Amino acid sequence: MDMLAGKVKRTEATINTMATRPDAHTAPDRPIRINAEDVTVHYGAKQALFGISIEIPDRAVTSFIGPSGCGKSTFLRCINRMNDTIEGAKVGGTITLDGENIYDPSLDVVELRARIGMVFQKPNPFPKSIYENVAYGPKIHGLARNKADLDEIVISSLKKAGLFEEVKDRLNEPGTGLSGGQQQRLCIARAIAVGPEVILMDEPCSALDPIATAIIEELIDELRENYTIVIVTHSMQQAARVSQKTAFFHLGKLIEVGPTSDIFTNPVHKQTQDYIMGRIG
Amino acid sequence: MTDTPRVATLTSAERTRLIHSGLRRRHLSEQVFKGLGLAAIILALGFVALLFADVLRKGVPAFVQSNLHLAVTYDPAIIAVEPAPIREAGQSDADFRAVSLKWQRDVALLNWNKVVEASLRAAAPVGFEIDSKQILTTAETDARHRIRELFVADPTLLGKTVEVEVLASANAANWIKGNIDRSLPDTQQQLSAPARALIDQFTANGTISSGFAWSILGNVDSRAAPAAAGLAGAFVGSLFMMLIVVVLAVPIGVASAIYLEEFAPKSRLTDFIEVNINNLAAVPSIVFGLLGAAVFINYFHLPLSAPIVGGLVLTLMTLPTIIIATRGALLGVSPALRQAALGMGASKTQMVFHHVLPVTLPSILTATILGVAHALGETAPLLLIGMKAFVASVPATPFDQATALPVQIYLWQGNENRNFFEPRTAAAIMVLLALMITLNGFAIYLRSRLEKRA
Ligand SMILES: Nc1ncnc2c1ncn2[C@@H]1O[C@H](COP(=O)(O)OP(=O)(O)OP(=O)(O)O)[C@@H](O)[C@H]1O
Ligand SMILES: [Mg+2]
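The listed protein sequences derive, respectively, from chains B and X.
Just so we're aligned, residue 65 is where the first sequence starts under the working numbering, counting upward by one.
Just so we're aligned, residue 348 is where the second sequence starts under the working numbering, counting upward by one.
Errors might be hidden in some of the hints.
[Claimed, not checked] From chain B, some residues computed to sit far from chain X (all C-beta separations above 12 Å):
no.	residue
1	Asp-122
2	Ser-132
3	Ala-178
4	Phe-190
5	Glu-196
6	Glu-286
7	Pro-331
[To be verified] No more than 25 Å apart at the CA atoms, straight line, and that leaves these computed lysine-lysine pairs for DSS-like:
no.	chain 1	residue 1	chain 2	residue 2
8	X	Lys-613	B	Lys-110
9	X	Lys-524	X	Lys-507
10	X	Lys-449	B	Lys-186
11	X	Lys-695	B	Lys-232
12	X	Lys-381	B	Lys-192
13	B	Lys-186	B	Lys-211
14	B	Lys-154	B	Lys-192
15	X	Lys-695	B	Lys-154
16	B	Lys-186	X	Lys-695
17	X	Lys-613	B	Lys-154
18	X	Lys-695	X	Lys-613
19	X	Lys-695	B	Lys-203
20	B	Lys-186	B	Lys-224
21	B	Lys-192	B	Lys-223
22	X	Lys-799	B	Lys-192
[What the hints assert, rightly or not] Derived, one-sided and incomplete: chain X residues facing chain B with beta-carbon distance under 7 Å:
no.	residue
23	Pro-682
24	Ala-683
25	Ala-687
26	Gly-692
27	Ala-693
28	Ser-694
29	Gln-697
30	Leu-704
31	Val-706
Keep in mind the hints are simulated off the structure, nothing from the lab.
Note that the coordinates shown come from a computational prediction; the quantities given were computed from them, not determined experimentally.
Ideal Cβ positions, reconstructed from N, Cα and C, are used throughout, including at glycine.
Go ahead and model the full structure; you've got the sequences and the hints to work with.
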């Protein structure tokens, strides 16, 4: 534990040195949006996360990398409390969003999830029309005053997700009838429609071909202007391309976190280096 | 583990040979399984075909009835009764009803068989020799009631002659249909020789004609007149019970399943409840009948033989089926859909009602309809709550005495009169099966439609 705390301190130090960099592509000059401290997760008796502490900057892309089973998804789910829905999952530590503890019992998860949207690994549109998919969030959260409002939200969300041109003639057709890449963009549009502040993406491109992946990556880069994005990925290239900050997980521990360029060019830890070189994972 | 090095040392030819030698056995076992499956299906279909063929063979003729067209004369000499009372000024409702009822009783006491006999004789060829008893066997025994009812409804018929269509007796109908061996000696015939001859005459001169047996669908049960006994009462009784089952069992069952599957915390108690629901589904239906008799009739004092009690008992019986089917359907919903909904910030209730329920609706509906169809065919519990009583009226409400379609089959099958238990039973089975097939067809239709929409 002590060793880990030391690691975290050191990574924070790296962040601070980064803060002076004028490069617009480095996130750490951004204010901190989400702050996790000493987060642990147990699935029943099995501990999946060991004291994760990390700061996630506002309006930047933070990527989580690490070998399979290291707890990336688990930690991502902690941020919008999706772990609450898993039977036997127990979360410890604190995570704050704008200084507010999201595990505070008085906080309503429904509201939290409206503020922190999520895109899953496998595209999972609702078995409803494209329009209904995007309109669902605004509807349940009461964000649209009337049909015209809703139409506008749907269209602008689809446009932001770069899907509108492809589907504008078939908004009433089922969302499940789209291609995998289109479905994933639909899921992004659906998440955006609620106007979240943070978007969590769990391997959003793992089911997609390179072209669809490129489109989504471009989209993530655009969304960065307005949203805080956390993305889990197995692709080093993707992490390097889209993110400004990268965190490396291994066996339930956060090994190293820092500006993406640093993590990929001169990682501090041997494990990180090994992983990036393809020696573990 | 020990295989790994061996596989590694095999040449490609050896490997192919090994795979090849195993292949024949694998294909063979597949062939055997396919063959067994096919045989099982053929056997099952064979039995179904046999059942249907038998029921159709016996039942279809029952849907043809023989109608007797008679010119009925309301002869004042026979109908010696005071004129029907007319409401006097200032007479109270109750008084008038009492007077009317007394008059109707007087009318009923007249010998209406004489009127029937006169009409039959009028239709018979001039000089045809046949005695009263014999001639009356050609018409169904309810003919006199029909003719009397016409008179009660319209007392001005006195002295007039009107065309009336009554049913020929079941024996006459069988004689016409050729169900009775004409070569049998007199002593073994149900009908006397003159009656048989008269029936042939009637058929020849058009007094008797055949038509679709609306009597089966439109008439109520009858104890003495097999040709006139119908299913209307039982049908409506069954309909009431099905309505009660649908109205009670479906919402309660689906709601309990949703609660248990989606909301209830997993605990010892919910485990216990689950086990007991499964047990309830396996309880023999007759036990539900005993329970119904004890609880609804003895304790709550609900009426005996009423569809309300039958409906409640069948509801109890159907509930576990619906709960189990609904839970199974809910369990089958992909976690991805649930996550999608929750991830959007939907509450648990919204997740269930907006996303999970719509995709499970087809299976829930199918299970429900099949459950209701099963309840429709249930007989044993109904016998225990008095629904096997003879009821000669169509129930107007679920609280009136009634019987049910399967019970009606049981009753007719148990009747000692051959004209009941042969054609009538088969016809009732056909109606019941038709209803079931309709319900199942509806379930399939709904399912495919809802699935297409999803
Ligand atoms: N629902 C669950 N119940 C029990 N254990 C779980 C559950 N989900 C994850 N785990 C365990 O927690 C650990 C971390 O899993 P997690 O899914 O977070 O890994 P990951 O880094 O996302 O892996 P991948 O890259 O393969 O998606 C693993 O050991 C996994 O077996
Ligand atoms: Mg994962």
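Going through the hints against the structure:
no. : hint                     : in the structure
1   : Asp-122                  : holds, 21 Å
2   : Ser-132                  : holds, 19 Å
3   : Ala-178                  : violated, 4 Å
4   : Phe-190                  : violated, 6 Å
5   : Glu-196                  : violated, 10 Å
6   : Glu-286                  : holds, 22 Å
7   : Pro-331                  : holds, 32 Å
8   : X:Lys-613 with B:Lys-110 : holds, 20 Å
9   : X:Lys-524 with X:Lys-507 : violated, 34 Å
10  : X:Lys-449 with B:Lys-186 : violated, 83 Å
11  : X:Lys-695 with B:Lys-232 : violated, 31 Å
12  : X:Lys-381 with B:Lys-192 : violated, 39 Å
13  : B:Lys-186 with B:Lys-211 : violated, 30 Å
14  : B:Lys-154 with B:Lys-192 : violated, 33 Å
15  : X:Lys-695 with B:Lys-154 : holds, 19 Å
16  : B:Lys-186 with X:Lys-695 : holds, 21 Å
17  : X:Lys-613 with B:Lys-154 : holds, 16 Å
18  : X:Lys-695 with X:Lys-613 : holds, 16 Å
19  : X:Lys-695 with B:Lys-203 : holds, 16 Å
20  : B:Lys-186 with B:Lys-224 : holds, 20 Å
21  : B:Lys-192 with B:Lys-223 : holds, 19 Å
22  : X:Lys-799 with B:Lys-192 : holds, 12 Å
23  : Pro-682                  : violated, 9 Å
24  : Ala-683                  : holds, 4 Å
25  : Ala-687                  : holds, 4 Å
26  : Gly-692                  : holds, 4 Å
27  : Ala-693                  : holds, 6 Å
28  : Ser-694                  : holds, 5 Å
29  : Gln-697                  : holds, 6 Å
30  : Leu-704                  : violated, 12 Å
31  : Val-706                  : holds, 6 Å
The structure does not agree with the numbered hints 3, 4, 5, 9, 10, 11, 12, 13, 14, 23, 30 stated previously, though it agrees with the rest.
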